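Chemist: The primary structure of each chain is shown beneath.
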Amino acid sequence: RKEVEQDPGPFNVPEGATVAFNCTYSNSASQSFFWYRQDCRKEPKLLMSVYSSGNEDGRFTAQLNRASQYISLLIRDSKLSDSATYLCVADRGSNSSASKIIFGSGTRLSIRP
Amino acid sequence: EAGVTQFPSHSVIEKGQTVTLRCDPISGHDNLYWYRRVMGKEIKFLLHFVKESKQDESGMPNNRFLAERTGGTYSTLKVQPAELEDSGVYFCAGRGLFYEQYFGPGTRLTVT
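Sequence lines, in order, name chains A and B. Just so we're aligned, residue 1 is where the first sequence starts under my numbering, counting upward by one. Just so we're aligned, residue 1001 is where the second sequence starts under my numbering, counting upward by one.
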């Protein structure tokens, strides 16, 4: 079993739709969580950090449930430019300099006009 | 602020040859990471530097891979001798204040 699991997709949704991605992690030592976005043949770019209290950035909302070891990303009013692969990332590091960062395999999203 | 840079962007070498990849992180980023993405697989952690010291190199595949970060600024990753299975995209990243990662554009390595 992978340490960070995501539905690989692809998700193919119409413009304006709401889409939700889920991610689970198996290592309870994981401390920090992130969603990254990766466009085709490009590097991953940070989309948002994920906090237990939930956080929102415009059309994007991220949630973390530590008890269930579950992370989610919600995209509202999706745009064509949201088409990309979304990577769920867990970082075992805490306040020390040591960290072990685990990437999910990514969920592909395609927004159609 | 300049971003993370990597050189070369592409490298095609023959099996048995040596290749050295370079990463220049954002100035001030003491924590530097190397990752690799093999086609069809997820991004995998290779190693982590704190300044010039290797904090964690548990992800390095084998002793054909050697990473250095002399002076705690740029880093190099050398593969010697390269094998076919080393093909992939090699990313480096620096860590920000809140543990977020800033990735370079990657080096696409093809071993033939």
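Hints should not be assumed to be uniformly reliable.
Said to hold, decoys possible - Each pair of labels, with its calculated beta carbon distance range:
id	chain 1	residue 1	chain 2	residue 2	range
1	B	T1070	A	P14	46 to 54 angstroms
2	B	G1072	A	N27	25 to 33 angstroms
3	B	T1070	A	K45	40 to 48 angstroms
4	B	S1027	A	A29	39 to 47 angstroms
Derived from the structure by calculation, the hints contain no laboratory data. On a predicted model such as this, the values are computed, not experimentally measured, just so you know. Using N, Cα and C, we set each Cβ at its ideal position, and we do this for glycine too.
Chemist: Does each hint fit the structure? Answer for all of them.
Modeler: Tested hints:
1. Judged by the Cβ atoms, the range 46 to 54 angstroms given for T1070(B) and P14(A) holds: they are separated by roughly 52 angstroms.
2. Evaluation of the 25 to 33 angstroms hint for G1072(B) and N27(A) yields a pass: the beta carbon distance comes to about 29 angstroms.
3. The given range of 40 to 48 angstroms is broken by T1070(B) and K45(A), whose C-beta atoms sit roughly 28 angstroms from each other.
4. Range check, S1027(B) to A29(A): Cβ separation about 31 angstroms, and the 39 to 47 angstroms hint is violated.
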